[in-house]
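Here the protein sequences come in this chain order: A and B. Okay, so the first sequence: first residue is 1 according to my numbering, each after it adds one. Okay, so the second sequence: first residue is 120 according to my numbering, each after it adds one.
Hints in this document: simulated from the structure, not taken from any laboratory. Every residue, glycine too, gets a C-beta built ideally from N, C-alpha and C. You may find that some hints are simply not true.
[Claimed, not checked] Pairs of lysine to aspartate or glutamate residues, derived as DMTMM-like cross-links and limited to a Cα-Cα distance of at most 25 Å, are as follows: (1) B/Lys161 <-> B/Asp198; (2) B/Lys225 <-> A/Asp107; (3) A/Lys59 <-> A/Asp74; (4) A/Lys45 <-> A/Asp74; (5) B/Lys161 <-> A/Asp91; (6) A/Lys45 <-> B/Asp203; (7) B/Lys142 <-> A/Glu56; (8) A/Lys66 <-> A/Asp107; (9) B/Lys167 <-> A/Asp107; (10) B/Lys161 <-> A/Glu56; (11) A/Lys5 <-> A/Asp107; (12) A/Lys66 <-> B/Asp120; (13) A/Lys59 <-> B/Asp192; (14) B/Lys167 <-> B/Asp203; (15) B/Lys225 <-> B/Asp198; (16) B/Lys167 <-> A/Asp91; (17) B/Lys225 <-> B/Asp204; (18) A/Lys45 <-> A/Asp88; (19) B/Lys142 <-> B/Asp192; (20) A/Lys73 <-> A/Glu48; (21) A/Lys66 <-> B/Asp198; (22) A/Lys45 <-> A/Glu56; (23) A/Lys66 <-> B/Asp203; (24) B/Lys167 <-> A/Asp88.
[Stated by the list, open to error] Among chain B residues calculated to face chain A with C-beta under 8 Å, some are: (25) Ile121; (26) Tyr149; (27) Asn152; (28) Tyr154; (29) His156; (30) Pro166; (31) Ala177; (32) Ser213; (33) Pro218.
[Claimed, not checked] Have a look at the derived ranges for each label pair, beta carbon to beta carbon: (34) B/Leu133 <-> A/Pro14: 39 to 49 Å; (35) B/Lys161 <-> A/Gln1: 15 to 25 Å; (36) A/Gly44 <-> B/Asp192: 34 to 44 Å; (37) A/Thr89 <-> B/Val122: 22 to 32 Å; (38) A/Ala31 <-> B/Lys225: 45 to 55 Å; (39) A/Gln16 <-> B/Leu176: 18 to 28 Å; (40) B/Tyr149 <-> A/Met114: 28 to 38 Å.
Here are the chains, one letter per residue:
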Amino acid sequence: QVTLKESGPGILQPSQTLSLTCSFSGFLLSASSVGVGWIRQPSGKGLEWLATIGWEDVKHYNPSLKSRLTISKDTSNNQVFLKITSVDTADTGTYYCAHRGVGGYFDYWGQGVMVTVSS
Amino acid sequence: DIVLTQSPALAVSLGQRATISCKTNQNVDYYGNSYMHWYQQKPGQQPKLLIYLASNLASGIPARFSGRGSGTDFTLTIDPVEADDTATYYCQQSRNLPPTFGSGTKLEIK
Chain A
1 QVTLKESGPG ILQPSQTLSL TCSFSGFLLS ASSVGVGWIR QPSGKGLEWL
51 ATIGWEDVKH YNPSLKSRLT ISKDTSNNQV FLKITSVDTA DTGTYYCAHR
101 GVGGYFDYWG QGVMVTVSS
Chain B
120 DIVLTQSPAL AVSLGQRATI SCKTNQNVDY YGNSYMHWYQ QKPGQQPKLL
170 IYLASNLASG IPARFSGRGS GTDFTLTIDP VEADDTATYY CQQSRNLPPT
220 FGSGTKLEIK
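For reference, chain B alone in the conformation it holds in the complex:
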């Protein structure tokens, strides 16, 4: 299985930039696409897709959210952060079966 590693927590001041990283132990690129996706989960809610295929903004997601990376190193950036961005953020790979998720990064807004 592909293992995804995320830092457990991040604290960022309101209005600043948050950068959340996800590193994989195998390359998740294939034929020009990076099979890495990002989700936001607020307490008591289901996950919400933010970014798909590394850098594509999901429908209805504000442009404050962006994703980049390739191969084994990926980042989700929120700029500027808002109070409502308090949540846990998960990365997920779909390059290989089984699809696997990172352990999540809990974002605190100071």
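So here's chain A without its partners, still in its complex pose:
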């Protein structure tokens, strides 16, 4: 059974760095073709893909945010991390991590973690 769960600070101030953790079970990030992605959703709005890390440690970033994003993994502890630097109010929303299937779809999602950027 595949499960993912996000954790984060809840609230942070503009210009700070947002650090998110995705803890997962039911699959191995060291297995071929496996990946974990981060997707966010401002309240009442649509979905925006942020980054994906693959089993071979290949990383892909949304070009519109690439300079601010860092994705990494701890395979032994089944965790994936995302850092977003220099946050502002536009980064407020729900952040999801998801298991990426072979065809590039996201077949298992965490419940999401709400992040608020406010001074």
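Fit chain B to the given chain A structure using the hints.
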């Protein structure tokens, strides 16, 4: 980036057929597969994968849901609709990086 266009809203009577469309500005086919996927998101919940690679039903999804299309035109069909299908439906392409989502179609059941 590949842009996916969805109608914002659709209202369908209970027991009828709902057809949700997604059009892309670039072909998302590659070596015989269409890299188009569909998700359902209910308020306060995470998205759920319904259809992958245009027409494949995800695990545990009822056969009332189906997907079809190729190239730049895709549809998600729910037949018959049930009250529990009230949700926003998103398409997503994975043909090119970055993966992109449509803006979502909010389905209302009358």
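> Does the CB of histidine 156 of chain B sit less than 8 Å away from some CB of chain A?
Replying inline: Interface hint status for histidine 156 of chain B: holds (4 Å vs cutoff 8 Å).
>> Check whether the Cα positions of lysine 45 of chain A and aspartate 203 of chain B lie no farther apart than 25 Å.
In response: Answer holds: lysine 45 of chain A to aspartate 203 of chain B is near 21 Å, not above 25 Å.
>> Can you tell me whether the CB distance of lysine 161 of chain B to glutamine 1 of chain A sits inside 15 to 25 Å?
In response: 21 Å, holds
> Does tyrosine 154 of chain B pass the interface check with chain A, least Cβ-Cβ distance below 8 Å?
Replying inline: 6 Å, holds
> Is the Cα-Cα distance between lysine 59 of chain A and aspartate 192 of chain B 25 Å or less?
Replying inline: Given pair lysine 59 of chain A, aspartate 192 of chain B is violated - Cα atoms ~30 Å apart, limit 25 Å.
>> Tell me if the straight-line CA distance from lysine 66 of chain A to aspartate 120 of chain B falls inside 25 Å.
In response: 14 Å, holds
>> Just to be careful, I want the Cα atoms of lysine 66 of chain A and aspartate 198 of chain B compared with a cutoff of 25 Å; is the pair within it?
In response: It is violated: about 41 Å lies between the C-alpha atoms, which goes past 25 Å.
>> Checking one constraint from the list: CA of lysine 225 of chain B to CA of aspartate 107 of chain A, max 25 Å. Satisfied?
In response: Holds, because 21 Å separates the two Cα atoms, which is no more than 25 Å.
> Does the nearest C-beta of chain A fall within a distance shorter than 8 Å of the C-beta of tyrosine 149 of chain B?
Replying inline: Interface hint status for tyrosine 149 of chain B: violated (10 Å vs cutoff 8 Å).
>> Taking 45 to 55 Å as the stated bounds, is the beta-carbon spacing between alanine 31 of chain A and lysine 225 of chain B within them?
In response: Cβ of alanine 31 of chain A to Cβ of lysine 225 of chain B: about 37 Å, so the range 45 to 55 Å is violated.
>> Need the status of pair lysine 167 of chain B, aspartate 203 of chain B: alpha-carbon distance at most 25 Å?
In response: 14 Å, holds
> Between lysine 167 of chain B and aspartate 88 of chain A, is the straight-line Cα distance small enough, at 25 Å or below?
Replying inline: 29 Å, violated
Consistency with the previously given hints fails for numbers 4, 7, 10, 13, 21, 22, 23, 24, 25, 26, 36, 38, 39, ordered from lowest to highest.
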